[in-house]
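Letter by letter, the chains look like this.
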Amino acid sequence: MHKFLIRSFVSSLVLIFTLTVAAVAKDVKAAFVYIGPTGDHGWTYQHDVGRKAVEAAGFKTTYVEGVPESADAERVLRQLANSGHDVIFTTSFGYMNPTNKVAKEFPNVKFEHATGYKREHPNVSTYAARFYEGRTILGTIAGTMTKSNVIGYVASFPIPEVIRGINSFTLAAQKVNPNIKTKIVWAFTWYDPGKEAEAAKALIDQGADVIAQHTDSTAIVQMAEKAGVYAFGQASDMDKFAPKAVLTSVENNWGPYYVDRVKAVANGTWSQKDTWHGIGDGMVVISDLDSQMPADLRSKVKKLQADLASGKVHSFTGPIYDQKGNLMVAEGKTADDGMLAGMMTYVKGVEGDIPK
Amino acid sequence: MIKIVKRDQPSRAIFFFTPVLAIFLTLVAGGLIFFILGFKPFEALKFFFIVPIADKYGFSELLLKATPLCLIAIGLSFCFKSNNWNIGAEGQLTFGAIVSGGVALLFYEQEGFYILPIVILAGAIGGMLYASIPAILKTYFNTNEILVSLMLVYVSKLILDYLVVGPWSNPEGFNFPETRQFSDSAKLPLLFEGLRIHAGIFLALAAVVISWFVFYKTYLGFQMKVSGFSLKTAKYAGYKGKKMIILVFLISGACAGLAGVGEITGPIGQLHREISPDYGFTAIIVAFLGRLHPVGIIFASLVVAITYLGAETAQIFMQIPKYTGQVFQGMILFFLLASDYLLFFKIKFIGLKK
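Line by line, the protein sequences give chains A and B.
Everything in the first sequence is counted per this note's numbering, starting at 1 for the first residue and increasing by one.
Everything in the second sequence is counted per this note's numbering, starting at 1 for the first residue and increasing by one.
Any given hint might turn out to be false.
Stated by the list, open to error - BS3-like mimics (lysine-lysine), calculated; alpha carbons at most 27 Å apart, straight line:
| hint | chain 1 | residue 1 | chain 2 | residue 2 |
| --- | --- | --- | --- | --- |
| 1 | A | K201 | A | K356 |
| 2 | A | K195 | B | K157 |
| 3 | A | K104 | A | K263 |
| 4 | B | K56 | A | K101 |
Rather than coming from a laboratory, the hints here were simulated on the basis of the structure.
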């Protein structure tokens, strides 16, 4: 037993050593930590598309899928840092504390944490996408296409990211159709096809004829297809799952950022950053517009997309009022990033209360 | 010729041999699966079962992972031995963590030696309270404890969700679903610098010793054993069934609650939505693989813990999907249940010439 342990210990040391030497001698190796399976067709799937772009750019990559946000995350991170990876992307909010903790122990490894706000060490960067810009497009389409003036919205958790999306969506819809109401159902999950489908059904039963979602599965667009109402794809282009229902999708496009950051590590130019990119930088992509949409709406959307990209239009331009009619953003002003990052109040026109 | 003969009574040697057989068969079947998937079977098994624990750090992680599994499984063995099917250890773990986490948050930014014992005690009480629900419903209303304890798992997770999203969320945390970090006095001390293994392992070891003593040296242990074999006999012997049901559920709940405390005041250091990768369910496999015997459970918790670590290593070094870890856990249980056939039947090879 003793001999066996020593032998395996030595062999693993040799293995780790060769891997490290190989990594240094060859080139930069990137690792990705995923919350879900790579086949979810949503959040993790899109990160993995980004990883493949890094591979295509000529770098070696490793990934670990289905890593719970429990005590296990820290071990996976340490193992990746220990086995010759130069940059590690941690792609879920719950990895924030483990990422910073392990980063402290491995000052030579770069860490990139998605959707978090803690950068406690110089080798930790954070990145996120301005998905709310995409939701401005969706709101514009929904406000135009609805006949019942009731728009359904399946939300995940009451955090600023989600509230911001609901608000951006509603504001855009009101702009083209002042009579619309946004009804929210909280699914309290990021990925649960059963629950998401039920939530969509509840909204359709309440008269919603366009459904938007801030959860990751394809269940909602499939439910919309069955019920004959419109819907939007989330994270990836979901058109193939519900060709009649899906008008367009907001795609998370991480590839360019990932390639950029890995190259920076290879060139020695990597430095700590807090990135929040939108349509303009290509991190948020609008899929093809469905031909069921009238031609003038399609051209309007194209123009809006270009204006959001150039910064001519901002999703949160005043006057914006909250549900009680208090002024949130004054006329002619736009909400700053600080306000967006902590947004926890609904705008006027959203029905119901934020669960507390 | 092969003949299958029923044994007069279950073989004691086979009873302790089948877990080993199950693990062996799992390795063979696992190797076969790796081969079919196009990986080198021996290399894959090496990355799965040897590489992750080949250094000091890896071994400490194994102990860290096995600690909650062992603790919960010991608690469950009290229930299972006496024919009480507590499937909701995950819920008791979660509720224990909620209560102890709540207490830890009360002591936010306070230091003192008295804090940790209170936090630990709160977790045990939380787990006991939660386990008492299926126990009381079973004893007084004759409900099915399997269903009640299982359903309560989901209730506890929703309560935790509500708390970390709402009233207990970190005021400086931009409304993300997590609480503040606990103060150092509310955390279990680490045993070695640079490793995550913490004092919670002593709780698990204490549970092992106490359970051994209760099972084999006390009248209560004897009563549990008799009830496990036959409820009618237990009744005939005049044992107080109701009292025992509640007692074993409370013990089981306390152990699960303590496992929750170990996670949140150990490696995690706060409450958030995902504090356990279903330890409460995996511990059921551990309890049976360990034959509900305290020493067996120690070994079983180590074996099952390594399937978690191995799955990560195998994905990092060989790109084997991480979910194979769960396949291994499932196979161990499957082969164990299947080989239990040998407990009651023996296979006889009868020579044709004789």
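Task: Earlier hints that do not hold, by number - done: Every hint satisfied by this model.
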